[in-house]
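Engineer: Listed in order, the protein sequences are those of chains A and B.
Those letters in the first sequence? Residues 1 to 600, per full-length UniProt numbering, in order.
Those letters in the second sequence? Residues 1 to 600, per full-length UniProt numbering, in order.
Be careful, since some hints might not be right.
Claimed, not checked - Once the Cα atoms are required to be at most 20 Å apart in a straight line, the calculated DMTMM-like pairs of lysine to aspartate or glutamate come out as:
#, chain 1, residue 1, chain 2, residue 2
1, A, Lys492, B, Asp596
2, B, Lys320, A, Asp171
3, A, Lys61, A, Glu421
4, A, Lys513, B, Asp596
5, B, Lys517, B, Glu503
6, A, Lys8, B, Glu587
7, B, Lys517, A, Asp327
8, B, Lys61, A, Glu253
9, B, Lys513, A, Asp327
In short, the hints are calculated from the structure, not lab data.
These numbers were taken from a predicted model, which means no experiment stands behind them.
2 protein chains.
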Amino acid sequence: MSYQAPIKDMLFVLNELANLEQVSRLPGCEDATGDTVEAVLEENAKFCGEVVAPLNHPSDKEPSFWHDGQVTTSAGFKVAFQAFGESGWQGIGHPTEFGGQGLPKLVGTPCTEMLNAASISFALVALLTDGAIEALLTAGSDEQKAIYLEPLITGKWTGTMNLTEPQAGSDLAAVRTRAVPQGDGSYKIFGTKIYITYGEHDMAENIIHLVLARTPDAPPGVKGISLFIVPKFLVNADGTPGARNDAHCVSIEHKLGIKASPTAVLQFGDNGGAIGTLVGEENRGLEYMFIMMNAARFGVGMQGIGLAERAYQQAVAFAKDRVQSRDLAGSAGPVAIIHHPDVRRMLMSMRSQTEAARALAYVGAGISDVAHHHADEATRKANLAVYEYLVPIIKGWSTEMSENVARDGVQVHGGMGFIEETGAAQHYRDAKILTIYEGTTAIQANDLVGRKTVRDGGAVARSVIAQVRATESALAAAQGGAHAADLAAIRKQLALGSAALEEVVDFVVANVKSDIKGVFAGSVLYLKLAGIVLGGWQMARAALVAQRKLDAGEGDAAFLRAKIGTARFFADHILSGAGGLRSAIVEGSAGVLALDVEQF
Amino acid sequence: MSYQAPIKDMLFVLNELANLEQVSRLPGCEDATGDTVEAVLEENAKFCGEVVAPLNHPSDKEPSFWHDGQVTTSAGFKVAFQAFGESGWQGIGHPTEFGGQGLPKLVGTPCTEMLNAASISFALVALLTDGAIEALLTAGSDEQKAIYLEPLITGKWTGTMNLTEPQAGSDLAAVRTRAVPQGDGSYKIFGTKIYITYGEHDMAENIIHLVLARTPDAPPGVKGISLFIVPKFLVNADGTPGARNDAHCVSIEHKLGIKASPTAVLQFGDNGGAIGTLVGEENRGLEYMFIMMNAARFGVGMQGIGLAERAYQQAVAFAKDRVQSRDLAGSAGPVAIIHHPDVRRMLMSMRSQTEAARALAYVGAGISDVAHHHADEATRKANLAVYEYLVPIIKGWSTEMSENVARDGVQVHGGMGFIEETGAAQHYRDAKILTIYEGTTAIQANDLVGRKTVRDGGAVARSVIAQVRATESALAAAQGGAHAADLAAIRKQLALGSAALEEVVDFVVANVKSDIKGVFAGSVLYLKLAGIVLGGWQMARAALVAQRKLDAGEGDAAFLRAKIGTARFFADHILSGAGGLRSAIVEGSAGVLALDVEQF
């Protein structure tokens, strides 16, 4: 159950698909040279593989626990998080002026993947802290930045996001937590928040809760929500943690997975009021929270990819080791099960989906860097639109994919997979949260349909499809040599997929007004279709690069041939589902909506 | 988390799709009249819903546990099993001469579904006992039948299947357990068996282990395996349990799911040898074990269907109760989430797949009854061949389906689904064993390809496809009235599906010799394709019946319209995947087999 970061694959994606070189020429990204990035990845891989990964299974067996308002985290977490902060990993993508390393998102992204492959439960504290940092960087006052950013970025303190309340899951309009101004610029906060990841723990000196609440005269609904900083310990003038604030953890949840990550119920203000300060302006809380959420959504997508990679590695190791039954082609004795075709099929499915999602996410990260750092405003804006189109797909598809991969990981193990000791089952349990938190797949899909497709009449979606078509043309032009049949098969499925996606975009744009429920009945399917087509596009690009290098006699031939073979698998087994999704979306809403509520 | 057996749906399938009336005219099946069957189902529903279903979630939280060789089962299990046996439910399908009720499989099958919907963990003891009864009925001596059958059939004793050993999971050729003849007709058994469901427990007076072992001069491989009865307590001349046999439970497993079902490691012969008696002839053990396995495989398929129904009911109840966010079509306030299109889509997916798998399984059970009871030998033989074709599909597809349904059940619950208290997560965990035990999906698929398709050149498969085509013709001939568009959509997808299935059968038969690995690379996909096409066929038949009754003004119109709507959903959302599976099977083996082992 060890974890070896797939550095070679990661570098291939960074260099060949995600334009690291171009990113490193952006203003402020000059440190991200090829050599530096490789060194950073290797160092991070060492930390994640040696320090964090060994904690994953033991921390599932002995989860974090609550006693009398305190949460004791799983053995090893506190020490590992201290090392994480001190080594600068929390700050990898954050500004150097507050103690960060200031590296582009494209470099931070593989590090996020590695940390999550090592332990989703552990990585969550860093993910939430990143979100708090982003919100403060964007909307915090200079004073708030001066107080909070450095300790968060260096891992001395951690952050949380407090959205959900017992009566309001995904529906933030229903938030009831109250914020009462005290006349001195501070507020007293009263209310209950649930599902607060790392809402209480023993791994840092202080916890900075970012809390959605309503001021007394706020308008109803989402337009009356403000964002507050509510630290666990109030901060002294010298920046050290001071008096205990009135924000207390009353329990943590007993969960299906990510058991080492404490999920807290937080009670604010039961003893007179929790002291908080407003972030930005009143009633703009949702907007600021979306800053955290968008960063977190991309991060959760990376969780799916990291988990999938870990589950894949474990399944491969088992399949090479486990000897069982003769080879179909006729061996004398039993062989390692990796020789059995259906085991091979499952491993290829795990591998190809993980690689495709990784490539799409890294490409997205590179686009985000261009969107944030390019000198030209029009270029920034165009890239931001593409990045924002991709975020719900990266979050939604990568996590849905990770459920399937974790499931196949158990299946490869057979009966042993069902025994908790083996560890494969943990991935299956852990994966199930990823399609739920930071917005369920349906909420990602609503975002994809509403804000990302309908709002611009499908313009960005079509611009992305045009890029897919360019890759299809490149496949047509490639000779292919020994791999001509593979490239032809990839091209065929990619063309079918992009045509399906374009038809669906047209359908969504054309029908959303006249038949809103009929369009949203297919929203998740549209997200999945976009995932496999854009993932398949990246796999096709990888195959083209590999073919070019093989033709030129460059690089590691076995590695490059595997890229082509994996892309071929993805095309025939995953991308081939595009037609079915297309008809379910375009023709399938009648079935979705056929029954009255009383008929269920 | 209650469970209400879907009696109305079950009776619809029995009467309209699975030919209960025809079965009730078979010799020996005369008791299975419509009225009797309805009464049996209602009584069973009451027992399962009131006695067993309430145990399911508590028994997951407080599983069976091992101490000093003894297993204490979860609270309530012992009393419930006593009531189960005394009420005659263990004996429902077994011969009256040994205390059974002698009802056909078609009547026992809904009862199996209900018991599993109530609690998979509880139902397992009955499932394994059924298997032991089947083996003894087929291969046991008159003396063995006289000793063991009545106590097993009346639920006083229970049975186990002992196949797996630490070095031999699915590969029975590797069995090492030894059986040494004692000269008095008995044998001493020595060895270790793992994964023995209910291998030790406190719910019955005695446990009858059926054990695969090798006699001293047995040939190697599967042809040298014999089957032995090894009771936990040796049986006195008067039929009462006597001296403790040398078969001991040394531990039970800590599992992902079905936690209340003890999974034992059994040690035979550590104190001188466990006394056993041979079942049937030496070296024919595998053949007898397959009798148990085939019954058990069908039973595990029913477990998937029962679990899916339970997960569906729980998700519907939650979706009707949980109020969250406004209606897309524009409500003033928040609505129950069942009004949100993607929740509706998931519920329809759960519902339609459960209904399709149920219909296919019940139809299979009816065919099995004809195969065993019909007066005409040729009719028996033809039906047996169809039944045997269906068994791996019913086992494999229903259980794979149940994983997806249980997954969607968690997803409908959102964050609450991830909290164990809610109970949705239990189904997700429990479902994962169903695609593994009694032969993984890959093993079912190997059976489907090898024994069930290639051996007769695809003849039975094509005969089934011809029946699907007849339903397509009936759809073309139907007028459809208000549901004309639904019937047309169903017909379209069914025609695409049956064409895909036929092409795949042809591909399998044509290529298995020249490219055995390439064919088996798609074996699980062929199984899934067969599942959705044959499940879709049953849904289409249901829609035709519903349309006919609506036209005639018969029956419950809302119920019948829901049958058509559910069939429409299945066609557009599930059956529409047939084309993708077809290309993955026919074109996709290159990708499966593209990498060398060293490239993983």
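Engineer: Each hint needs a verdict: does it hold in this structure or not?
Structural biologist: Comparing the hints with the structure gives:
no.	hint	result
1	Lys492(A) to Asp596(B)	25 Å, violated
2	Lys320(B) to Asp171(A)	16 Å, holds
3	Lys61(A) to Glu421(A)	9 Å, holds
4	Lys513(A) to Asp596(B)	52 Å, violated
5	Lys517(B) to Glu503(B)	18 Å, holds
6	Lys8(A) to Glu587(B)	29 Å, violated
7	Lys517(B) to Asp327(A)	9 Å, holds
8	Lys61(B) to Glu253(A)	14 Å, holds
9	Lys513(B) to Asp327(A)	15 Å, holds
The structure does not agree with the numbered hints 1, 4 and 6 stated previously, though it agrees with the rest.
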